[in-house]
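Participant: Heads up: the sequence lines are chains D and R, in that order.
Just so we're aligned: the first sequence equals residues 0 to 346 in numbering that gives the first Met the number 0.
Just so we're aligned: the second sequence equals residues 0 to 255 in numbering that gives the first Met the number 0.
Source of the hints: derived by calculation from the structure; they are not laboratory data.
One or more of the hints may lead you astray.
As the list claims (entries may be wrong) - Derived lysine to any residue pairs resembling SDA-like cross-links, with alpha carbons at most 20 Å apart:
1) 76(R) - 196(R)
2) 120(D) - 124(R)
3) 167(D) - 133(R)
4) 222(D) - 167(D)
5) 180(R) - 259(D)
6) 197(D) - 229(D)
7) 153(R) - 76(R)
8) 120(D) - 127(R)
Stated by the list, open to error - Between beta-carbon pairs, the in silico distance windows are:
9) 75(D) - 89(R): 36 to 44 Å
10) 50(D) - 222(R): 22 to 30 Å
11) 299(D) - 62(R): 50 to 58 Å
12) 248(R) - 247(D): 44 to 52 Å
13) 253(R) - 103(D): 33 to 41 Å
14) 100(R) - 148(D): 16 to 24 Å
Don't be surprised by glycine CBs; every beta carbon is placed ideally from N, CA and C.
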Amino acid sequence: MMRRTVISILIMLLGGFLFLEACKKQGDTATALIPLQFTVPVGFPDPVYKFENNPLTQQGFQLGKKLFFDGRLSKDGNFPCASCHQQFAAFATFDHPFSHGFNNQFTTRNAPGLFNVVWMKELHWDGGINHIEVQPLAPIVAENEMAETIDNVIAKLKDDAGYRQMFKTVFGDEEINSQRMLKALTQFVAMLVSAGSKYDKVKRGEAYFTEAEQSGYEVFQAKCTACHAEPLFTDNSFRNTGLPVNEILKDIGRMHITGNPADSLKFKVPSLRNVYATFPYGHDGRYYSVSAVIDHYRYAVVNGPATDPLVKNKIAISDYEKQDLLAFLQTLTDSAFIANKRFAQTE
Amino acid sequence: MKAGSGYILCALLFLLCSCQKELKNDNSTLKSNTVHIVFRPVVKGQPLLFNQPYTNAFGEDYTVTAFRFYISALSLKNNNTGFPVTSEVKYRLADAAVGNTLSFAISPDQNTFNGLSFQLGVDSIDNVSGAQGDDLDPARGMFWTWNSGYIMAKLEGASSYSTVPNGNFTYHIGGFSGENKTMRSISVSVPQGRQITLKDNRITTVFVNADIDKWFDGAHALSIASNAFVHSPGSLAASYADNYAGMFSIASITEE
Ligand code: HEC
Ligand code: HEC
Numbered sequence: 000m001m002r003r004t005v006i007s008i009l010i011m012l013l014g015g016f017l018f019l020e021a022c023k024k025q026g027d028t029a030t031a032l033i034p035l036q037f038t039v040p041v042g043f044p045d046p047v048y049k050f051e052n053n054p055l056t057q058q059g060f061q062l063g064k065k066l067f068f069d070g071r072l073s074k075d076g077n078f079p080c081a082s083c084h085q086q087f088a089a090f091a092t093f094d095h096p097f098s099h100g101f102n103n104q105f106t107t108r109n110a111p112g113l114f115n116v117v118w119m120k121e122l123h124w125d126g127g128i129n130h131i132e133v134q135p136l137a138p139i140v141a142e143n144e145m146a147e148t149i150d151n152v153i154a155k156l157k158d159d160a161g162y163r164q165m166f167k168t169v170f171g172d173e174e175i176n177s178q179r180m181l182k183a184l185t186q187f188v189a190m191l192v193s194a195g196s197k198y199d200k201v202k203r204g205e206a207y208f209t210e211a212e213q214s215g216y217e218v219f220q221a222k223c224t225a226c227h228a229e230p231l232f233t234d235n236s237f238r239n240t241g242l243p244v245n246e247i248l249k250d251i252g253r254m255h256i257t258g259n260p261a262d263s264l265k266f267k268v269p270s271l272r273n274v275y276a277t278f279p280y281g282h283d284g285r286y287y288s289v290s291a292v293i294d295h296y297r298y299a300v301v302n303g304p305a306t307d308p309l310v311k312n313k314i315a316i317s318d319y320e321k322q323d324l325l326a327f328l329q330t331l332t333d334s335a336f337i338a339n340k341r342f343a344q345t346e
Numbered sequence: 000m001k002a003g004s005g006y007i008l009c010a011l012l013f014l015l016c017s018c019q020k021e022l023k024n025d026n027s028t029l030k031s032n033t034v035h036i037v038f039r040p041v042v043k044g045q046p047l048l049f050n051q052p053y054t055n056a057f058g059e060d061y062t063v064t065a066f067r068f069y070i071s072a073l074s075l076k077n078n079n080t081g082f083p084v085t086s087e088v089k090y091r092l093a094d095a096a097v098g099n100t101l102s103f104a105i106s107p108d109q110n111t112f113n114g115l116s117f118q119l120g121v122d123s124i125d126n127v128s129g130a131q132g133d134d135l136d137p138a139r140g141m142f143w144t145w146n147s148g149y150i151m152a153k154l155e156g157a158s159s160y161s162t163v164p165n166g167n168f169t170y171h172i173g174g175f176s177g178e179n180k181t182m183r184s185i186s187v188s189v190p191q192g193r194q195i196t197l198k199d200n201r202i203t204t205v206f207v208n209a210d211i212d213k214w215f216d217g218a219h220a221l222s223i224a225s226n227a228f229v230h231s232p233g234s235l236a237a238s239y240a241d242n243y244a245g246m247f248s249i250a251s252i253t254e255e
């Protein structure tokens, strides 16, 4: 009796499964979804973002990429994500402390490069964004960036037969809503992994540092990795490194989010990967060269109540050490990433 | 053989059902003992009228232009038997401007109760879980894009006591961690120790007042003159949350 029941349940389950599969196929005349693998580079930790409820597919990634390059996500059509995040600058804004946005306005912070975002627990210089999927909402609705409303963006996408088809392929039906748009954008941004620099090759035993790079690496490990921790070159913490407050912007950084005076002038430790491609530097782009940043640590730290103990007494770096440090930091440029056609606009 | 065909029939039935994708699971309409819970935005017990002048406990004039809040885990309870609870929907945005967002239907498994409870706001986990849909869609205007998190409740209007140049007040109350939590568990009881017994084929409706006047004067005294503008998590937002936690009461119960 037991056995019979078990068998009958099995038959039912199997039948149900087959039939469900059949149901799925009915509505799905488009191409089948091609799964996409996210590979964690050797030596990297587990990503924070795990694609839960957002299975990576070739088509999802392509949809995200189309959205990333599409001006229609902005009010006047001129400010796609890619207008501020340019691939040749490792997806930072090339050569600008602030980026152009809607109606001749500028952002109030320096656009960071976009790579290895799935390892970030919090996003933006002040960590105000707590999840990669909701990040795009911030630039889309900001008056000085894309200046659009979520409803308008969705309406524009719905008007486009091409998008309707792509959403249908990726999500199973033509419904377009903010959740789906955000998940697709995330598939693109999440795939921006940079782990192919000379530094990485040295680590994998595929290349060698020059003497200067090697001693620069040693200086770096001694004086910088407490915050710019390998292999991501950030520990994702918020620190006050003694940059005096910008008198015009009065940007108090992390404290803006937490309201806690102990967080005054703390900013997220930026990754130093691709640092030679992302100038200018600092949350407000006040430094025009890596050399100038290092001189800040050497000479210009201004102490306040929340200044990090690691930099309070400045960081002693000799001129020789500085030259080596600069040589090492250049090994963090990932030219293959910056030139990767996969991330370039398709046209 | 006979038994075998029984299995096949069973399997077939199962399959048929499984393919009926849009099967309505709103079984509230099927059960005879349905309870409707209707939230009524009021000021001092009188139904809210947008743009109508009111006066709060500090003698400050005000009008209301928007009033919205998230509801979840709405359940009926019986404090005497301790019987919990029939839970309704996850997250619905109740909006004073959109009548049908204010009523909820529940079909409890038991027929007597003397109170109801619900959560006002959005649980912390759902504030940190990425892109959400339905009533949690950020397009609903209840999500802070620059400081990720949901606005649990929103009250907007105007007052001559507002210190903001345009004379408006905007209370966007949110915050989901630690002391800045603004989600509140609310319990309201049927007045005078009564209890409600559901009868077959009758629809019982419980009207729950949400009194806006309590935003200003409840657990904390929060005049418009002292704050006309709350747009971020913090202790002030938490004080407003304490106040709105006290704005609910069961006003009446009808049967039809
Ligand atoms: C007008 C310029 C501009 C546009 C358009 C723009 N961004 Fe940004 N982006 C920035 C700036 C500036 C920051 C830093 C913001 C901050 O820290 O407050 C940033 C930060 C980010 C970050 C966080 C990176 C980090 O290290 O924390 C991500 C991810 C990102 N943008 C993705 C996007 C996407 C996706 C879009 C399109 C929906 C987009 N951006 C559109 C300027 C822009
Ligand atoms: C106490 C933690 C800490 C230490 C130690 C530290 N940094 Fe930084 N670094 C930061 C933070 C935080 C920022 C962002 C500062 C800002 O914009 O307000 C930053 C910014 C930078 C930038 C600019 C990057 C960009 O994209 O804008 C460079 C370059 C840099 N650091 C190099 C170094 C080097 C080299 C060392 C070692 C000599 C070092 N840092 C030591 C925390 C630290």
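Participant: Would you mind marking each hint as holding or not holding in the structure?
Facilitator: Tested hints:
{"no.": "1", "hint": "76(R) - 196(R)", "result": "12 Å, holds"}
{"no.": "2", "hint": "120(D) - 124(R)", "result": "14 Å, holds"}
{"no.": "3", "hint": "167(D) - 133(R)", "result": "18 Å, holds"}
{"no.": "4", "hint": "222(D) - 167(D)", "result": "51 Å, violated"}
{"no.": "5", "hint": "180(R) - 259(D)", "result": "15 Å, holds"}
{"no.": "6", "hint": "197(D) - 229(D)", "result": "14 Å, holds"}
{"no.": "7", "hint": "153(R) - 76(R)", "result": "28 Å, violated"}
{"no.": "8", "hint": "120(D) - 127(R)", "result": "10 Å, holds"}
{"no.": "9", "hint": "75(D) - 89(R): 36 to 44 Å", "result": "38 Å, holds"}
{"no.": "10", "hint": "50(D) - 222(R): 22 to 30 Å", "result": "49 Å, violated"}
{"no.": "11", "hint": "299(D) - 62(R): 50 to 58 Å", "result": "53 Å, holds"}
{"no.": "12", "hint": "248(R) - 247(D): 44 to 52 Å", "result": "51 Å, holds"}
{"no.": "13", "hint": "253(R) - 103(D): 33 to 41 Å", "result": "59 Å, violated"}
{"no.": "14", "hint": "100(R) - 148(D): 16 to 24 Å", "result": "20 Å, holds"}
Checked against the numbered hints above, the structure violates hints 4, 7, 10, 13; every other hint is satisfied.
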